[in-house]
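K.L.:
The residues making up each chain are set out below.
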Amino acid sequence: MAMTKQDSPTVTSDGLRYIPRGAFHRIGKHMPIRNAHGKLVGITNPRDMTYIHSYGGEALYFESLGEGKLYGVRCNNPACEVTGSVFLPFRIFCPDCLERMTPVDLTEVARQTATVHSFVITERSGAFNTLAIPIKFINVEFDGVCTILMSYMPVGEPEIGMRVVPIFKTDVPDYLVTDLAFVPVDTPEAELPVGYAFRE
Amino acid sequence: MIKFSDRQLKIPQMSRPVYLVTGGNSQFSRAFPEKRTEELCVDSLRMAAGLIGMSMPELKRYIHTAYYGHFADHFGDQLLGEALIHDRLGLDPLGNVGVKTGGATGGSTLWEGLKTVASGYSDCVLCMGWERMDEVPTDEGNHLISCAADKDWETPLGHIYTGYYAVMAQRYWKVFGREEESFRRTMAEIAVKHRNYAVHNPFAHGAKRIKVDDVLASPIVAYPLRALDACLMSVGASCAILADEKTAFELTDSPLRIYIGAGSHTLRVADRRDMEIPLLPHETVEQYTDFGDRFPGGERYPGFTGFLAARMACYYAYRMAGIRDPLEDLDMAELHDAFTISDIQTYEDVGFRPYGEGRDFVESGDCYHTNPHTGQPGRLPTNLSGGLIGCMHAVGATGIMQVVECALQLLNKHAEVHGDPARWRDFGKEKPADWTDLQVKGAKRSLAISHAGVGSHVTATVLIHPDHLLKTD
Chain A
1 MAMTKQDSPT
11 VTSDGLRYIP
21 RGAFHRIGKH
31 MPIRNAHGKL
41 VGITNPRDMT
51 YIHSYGGEAL
61 YFESLGEGKL
71 YGVRCNNPAC
81 EVTGSVFLPF
91 RIFCPDCLER
101 MTPVDLTEVA
111 RQTATVHSFV
121 ITERSGAFNT
131 LAIPIKFINV
141 EFDGVCTILM
151 SYMPVGEPEI
161 GMRVVPIFKT
171 DVPDYLVTDL
181 AFVPVDTPEA
191 ELPVGYAFRE
Chain B
1 MIKFSDRQLK
11 IPQMSRPVYL
21 VTGGNSQFSR
31 AFPEKRTEEL
41 CVDSLRMAAG
51 LIGMSMPELK
61 RYIHTAYYGH
71 FADHFGDQLL
81 GEALIHDRLG
91 LDPLGNVGVK
101 TGGATGGSTL
111 WEGLKTVASG
121 YSDCVLCMGW
131 ERMDEVPTDE
141 GNHLISCAAD
151 KDWETPLGHI
161 YTGYYAVMAQ
171 RYWKVFGREE
181 ESFRRTMAEI
191 AVKHRNYAVH
201 NPFAHGAKRI
211 KVDDVLASPI
221 VAYPLRALDA
231 CLMSVGASCA
241 ILADEKTAFE
251 LTDSPLRIYI
261 GAGSHTLRVA
271 DRRDMEIPLL
281 PHETVEQYTD
291 FGDRFPGGER
301 YPGFTGFLAA
311 RMACYYAYRM
321 AGIRDPLEDL
331 DMAELHDAFT
341 ISDIQTYEDV
351 GFRPYGEGRD
361 FVESGDCYHT
371 NPHTGQPGRL
381 PTNLSGGLIG
391 CMHAVGATGI
401 MQVVECALQL
411 LNKHAEVHGD
421 PARWRDFGKE
431 KPADWTDLQV
441 KGAKRSLAIS
451 HAGVGSHVTA
461 TVLIHPDHLL
471 KTD
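In order, the protein sequences belong to chains A and B. If you're matching positions, the first sequence starts at 1 in this note's numbering and goes up one per residue. If you're matching positions, the second sequence starts at 1 in this note's numbering and goes up one per residue.
Derived from the structure by calculation, the hints contain no laboratory data. Just so it is clear, the structure is predicted and the values come from calculations on it, not from any experiment. Treat the hints with care, as some may be off.
Claimed, not checked - The list that follows gives simulated cross-link-like pairs (lysine-lysine, BS3-like), each with its CA atoms no further than 25 Å apart:
id : chain 1 : residue 1 : chain 2 : residue 2
1  : B       : Lys151    : B       : Lys100
2  : B       : Lys208    : A       : Lys39
3  : B       : Lys413    : B       : Lys444
4  : B       : Lys429    : B       : Lys471
5  : A       : Lys29     : B       : Lys35
6  : A       : Lys39     : B       : Lys429
7  : B       : Lys10     : B       : Lys60
8  : B       : Lys429    : B       : Lys211
9  : B       : Lys60     : B       : Lys35
With the hints as extra help, turn the sequences into a complete structure.
P.N.:
Spelled out as C-alpha cells, the structure:
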C-alpha cells in the first residue's frame, strides 16, 4: 500500500525518548500460495514498517555532509600506540585505545588527495536502492588517512589511481551516506547530479 | 588491532580431545515451497543417525547441548527460530543457543560445539545449521543480505552486497591478476570445476556441465565477476554430532578428531589498516620482503586482497592440529568459494600458495580430484562437493555441509552416500549415467573454511583420522 505524504511518519527526540507521530506500519491482505494442483502450500505476509535509528556519536558526520563538509576523526591519546592516526570512515572510539576520538575536517584533504583505490561497476541492486544503475562503487584513499572510504561515483568512469573530488547533496540532504559522492577532478559543476555541489 | 600480544597469539588449548561422530545434509534447493524448515532439519539428522547405524531417537539420547546456526532471522521473518527447531526435534528441555556469524555461521556453530565438549560441559552436542532464503523475492533478498554490511555506511549504497565485496575482487584482479585474460580463464576454471563436481552430488542444486567459455559468456554481475563466478542462494539444513572420546567410540567405530580455529576482521573493508602478515608454520618473513616489487600495488596487507580472518583462523587451527605445511599434511579441503576470485584469495590465506600466487594452485592442477595435466590424483583436491558455487549456500548450513563432506571423504564413504541410487530418487533426480566416485583415495586429513561476508568471521576446521594425528595431546 502506498504511503501518502500526510501519513509520513515523523520522529523527534527529547534526549531520552523518541516521540513518533504518524503511521508507522501497515498490514496488507494475506494471500494463499497454491501449487500447480491447487493445493495450499503457504501464505503471503504483506506489511510495511518504518524503523527508527540513532546515529549517536556519528551524527556530526551525517549532518556535515549536507553542509558540504567531510569529517574524519583522529586519535589524540598520547598513550595510544597509534596516536595521531586519522580514520575515515568516521568512528567514535579509537579501535586500539578505545578513547573517544577528535573530529577533523578532511574536506580540503579530500579535494586535494582523494584517489580511487578500487572500484566495481554493477548493473544489480537490491530492493530500496536509490542510486542510478549501473552503480559505480569506489573506495577512496586520502593522504594521511589510515583507512579507505567506500562511496560511489555518479559521473565518469572509475579507474584505480584516478584522482577524484568529493561532492555533497547540500540542496535537500537525505542525511545518509549517499549525501557524499565523488567525481573525477575537473568535472564541470553543470555535470553533477541534481542536488549535488562541490561546496555548500 | 594491528599488533598482537603474545596472549592473543596463544594457540588454543582444549581440555580433552573432541571428535566428530557423524553428520548429515538435507537436499539443497533454491526454494522448497512445500517443505518447512524443520522437515529439512530432520532430513539432515536422519542422515547423520543413519550413517552410524542408529535411529534418530537412539542418537538423541546422547545429545546434551545443541547449537543452532541460522543467520538471517529477517529472511524467514522468525525470531528464535532456534527454539522452534529445538522443540520440533524434541530436544527440550536441553540447553541450546543460536549462532549467527554471517556466511561463517556453520563453522562458528561447530566451533561453539567443539568448545562445549572440550571443556567437559557436555559429552555430546548437536550442531545444526539451516537457512531459509526463499521467503522473499530475490531483490528483497539482496537488500536483506546487504543489511549484513554496515547499515549507515554501506547498505544505502545500492542495497547490494556484491558491490561491497567485488571491490576486493577488482583490486585483486588488477594487482595480482594483472587483468590478464589467462587469469580470467583461471577464475572461470574454478566455476567449471565446482559446477561439474556438483553433477555427481545428489544434494547439490547448482550442478551444470559447463566449460570455461560458458562462464566467460555468462552475464556480468560486477566486472570482472560474471553470474557463473558467483555462489548459489539456497535453502537446506546440515548437522554434525561432536563428542568426547569415550562417547564418540560408543557411538561409532570411526570418529574423526576435530580442531577449529577462528578469526575475525572489520565488518567494513574500509576500516582495514596495514599490518605485518601473520605467518603460517611453513612461511618465512623473507618470502614477503620484496612483495611490493613483485606485485606493484600489493604493498598493503591485508588491504583489499587478503582475508586476515582466514589467515588467523588457520594460524590457530594449524598449530592446534600440528599441521606444518598444509599442502603436505592435508589430503583434501572444502573452501568458501563465494566467488571464483575469493576462492583464489583464500588459497593464499590458508597457505596453499604464498600471497600473490594463488592462481598457480589451479593452474598446476593441484586443486583437482584428478590433475588435468598429468591424469594423476590432484595434490590437494578442493570443493569436491561443488562448494558454494556448485552445491549450495544455505548460509547457516554451509560451513557444516562442507565439514560433513570432508568427513565422508575421510571415512571413505563418498560413493556410499553420493552414489546411492535411492538418494537420487528421493531427491527427485536421475543419477547421471557417468556418475563418478570423487573419493580421494586414502584421505586422512582435511580442512574446511567457513567465511562471512567480506571476511568478518572465518573458521578453519581440521578433521584428522585418529590413526593419523600430527601431534600428541
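K.L.:
Does each hint fit the structure? Answer for all of them.
P.N.:
Against the structure, the hints come out as follows:
no.: 1; hint: B:Lys151 x B:Lys100; verdict: holds (17 Å)
no.: 2; hint: B:Lys208 x A:Lys39; verdict: violated (31 Å)
no.: 3; hint: B:Lys413 x B:Lys444; verdict: holds (12 Å)
no.: 4; hint: B:Lys429 x B:Lys471; verdict: violated (43 Å)
no.: 5; hint: A:Lys29 x B:Lys35; verdict: holds (23 Å)
no.: 6; hint: A:Lys39 x B:Lys429; verdict: holds (23 Å)
no.: 7; hint: B:Lys10 x B:Lys60; verdict: violated (35 Å)
no.: 8; hint: B:Lys429 x B:Lys211; verdict: holds (22 Å)
no.: 9; hint: B:Lys60 x B:Lys35; verdict: holds (23 Å)
Hint violations for this structure: numbers 2, 4, 7, all remaining hints satisfied.
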